[in-house]
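Engineer: Chain by chain, the residues run as shown.
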Amino acid sequence: MEQHNSNAVIDVRQLHTCYGKAVVHDNVSLAVRPGEIFSLVGGSGCGKSTLLRAIIMLLQPVSGSIRVFGQEVIGLSDERALDLRRRWGVMFERGALFSSLTVAENVAMVLREHTQLSARLIDEVVALKIALTGLPATAGSKYPSELSGGMRKRAALARAIALDPELLFLDEPTAGLDPLSASGIDELVRNLRDALGLTIMMVTHDLDLLWQTADRVGVLDGGRILGVGTMEELSQSEHPVIREYFYGTRGRSAREQAWKKK
Amino acid sequence: MTAEQIAKLIIQTDTAPATEAVKVRCTGAWTVQGIAQLERQLKDMVWPVAADLEIDSSAISALDTSGAWLLHRTVRALEQQGRSVRIIGLRPEFGSLLELVSARAGFAGNTTHPKDGLLETIGRQAWQSLENVSGMLVFVGESSIALLRTIVQPRRIRWRTILHNIQSAGFEALPIVGLLSFLMGVVIAYQGADQLQRIGANIYIADLVGLTMLRELSPLLTAIIVAGRSGSAYAAQIGTMKVTEEIDALRTIGVAPQELLVLPKMLALVIALPLLTVYADLTGVLGGMIMASSKLDVSFVVFIDRFGDAVKLSSFLTGIVKAPVFAAIIALVGCYQGFQVTGSADSVGRQTTLSVVHAIFLVIVADALFSVVFNWLRI
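In order, the protein sequences belong to chains H and W.
Throughout the first sequence, residue numbering follows our numbering, covering 1 to 262 in sequence.
Throughout the second sequence, residue numbering follows our numbering, covering 1 to 379 in sequence.
The hints are simulated quantities; they were obtained by calculation from the structure and are not laboratory data.
Here the structure is a predicted model, which means the values were calculated and not measured.
Derived, one-sided and incomplete: chain W residues facing chain H with beta-carbon distance under 10 Å:
| no. | residue |
| --- | --- |
| 1 | Q33 |
| 2 | D64 |
| 3 | S66 |
| 4 | G67 |
| 5 | R104 |
Computed footprint of chain W on chain H, listed as stretches where at least three residues anywhere in the stretch have a Cβ under 8 Å from a Cβ of chain W:
| no. | stretch |
| --- | --- |
| 6 | 119-130 |
| 7 | 137-150 |
| 8 | 191-198 |
C-beta: ideal position from N, C-alpha, C; glycine also.
Start from the sequences, fold in the hints, and give me the full structure.
Structural biologist: Next comes the structure, spelled out in structure tokens:
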């Protein structure tokens with residue numbers, strides 16, 4: 001168990017995190033393989049988002065090890081961290097688009113900051129990214145406050161993939177969206193992975209999204225990983241919390257829908 | 001960055017017989033980090049005249065959407081010049097990416113925000129100013145209605161909020177108001193001392209400090225400090241609530257935002273500002289007194305004796321009467337600018353600045369009007 005899996009894109013080992021005295025993660029280990037869509041699930045407040053924040057270096061864990069692309073991220077120097085940060089994109093739960101910039105400027109800012117491309121090429125690449133996320137071309141010149149929730153998520157996604165990252169973190173990509181927009185996001189996530197060869201790690205409550213997109217799922221509860229596996233494997237699990245998660249009314253209908261689609 | 005990581009495009013003119021397609025070799029990493037140099041070269045690249053081009057892309061080691069876009073753009077530009085272009089040797093995964101990019105390119109539109117012309121900017125600004133004035137009037141009207149409604153039903157007055165606001169806008173402002181007013185009294189006495197000493201009218205320092213502080217300076221100074229301290233806070237608080245839709249939430253719960261957010265602030269300031277002004281009067285005159293005794297040898301007792309003769313109650317009252325009006329201006333402007341916030345963090349900052357600028361401007365205008373009226377009434 002001590003050995004790091006050199007193949008994994010993200011490799012978390014024996015992670016402990018605390019907020020003050022409250023223990024958030026107690027010995028959490030998981031690995032995300034290249035090219036897969038890995039999803040973290042669990043009840044509200046179980047530390048999913050905290051785990052994500054620890055991996056993307058927004059939060060310092062108490063102990064343990066987190067390797068991304070084989071590089072230990074805990075205690076990484078700022079310079080090395082920058083190289084790593086360029087290789088991943090993050091989409092925050094509420095988009096976190098810069099409200100004083102238009103959508104296009106939001107995406108362009110990342111490119112301007114980290115590349116030496118000409119202004120014209122940046123504009124073209126930005127337009128392409130916006131089109132890739134399924135936004136209409138007119139959305140680029142709008143401010144985030146002028147967009148609907150679903151469009152804002154797509155715009156946030158456009159910014160997250162601005163640098164063509166190898167790894168994408170999505171925090172609740174479908175939270176607060178209507179079912180139609182949400183299923184649009186399902187499809188988008190899958191298409192992006194297939195087209196751009198991304199590895200995706202997401203945090204979600206959305207059972208539909210899980211059945212439709214996730215290759216593997218990790219269930220987090222009470223600061224521990226209860227189980228990791230495909231949705232089919234997990235739905236066979238005997239663990240009471242996992243069973244409740246998948247066999248509640250909402251879980252059942254999502255599963256039925258997934259089977260129907262197949 | 002090593003040589004393999006930089007994207008290159010080489011036109012192989014030397015080997016090709018004139019009849020065959022010209023070969024173009026693409027190598028390196030066509031990625032967002034690797035194509036910057038190539039992009040600059042492509043701009044000035046001289047393409048051979050041949051009608052057929054064959055792009056050999058088997059040596060491309062990495063391709064991302066930006067690189068695919070550059071390739072797509074180059075090919076399209078060549079095709080528009082009437083050449084036929086073939087891409088060979090592209091790895092299948094890169095091929096599908098290139099296809100995706102070409103397919104999506106049609107949907108990509110102009111993303112730059114349209115820029116306004118000079119005339120349009122002037123017109124827009126003028127219209128905004130007009131709207132601002134009418135909006136302010138509407139706001140004053142709405143606030144008055146809310147005020148009348150609470151006067152009719154006094155139990156709707158939120159005393160707890162008012163007291164809280166009096167504490168934060170009044171009590172907590174005591175140190176800064178006291179200090180600045182004290183210094184202002186010192187400065188006036190110091191400036192006046194020289195002139196009065198020259199004509200041997202030392203005792204009139206009490207008139208000078210008393211009248212300037214009580215009639216003009218302490219109401220104005222206090223109002224400006226409070227506009228900077230509390231007016232801006234009101235604008236920022238209400239503005240942020242607007243961004244997070246808390247104002248809308250209030251409306252849906254059936255609480256008029258004016259009643260909960262504006263009235264308590266206004267009433268609190270109307271109570272607190274006159275009190276602060278009295279305090280500023282005291283500290284200002286104290287400052288003048290200390291300066292008078294140290295520079296002009298006018299002792300405290302003599303000063304206060306003269307002060308009683310020189311400064312009538314009406315002088316004190318003309319200063320205090322202004323304070324509630326200034327208070328209403330500051331509270332209304334601050335809250336109004338808060339309600340004008342639209343959606344972005346930027347907007348909160350802009351409206352907060354405006355709240356302070358407009359409040360101070362209007363306070364000084366009101367002060368000038370008061371002077372005219374008092375002069376007319378011979379007070």
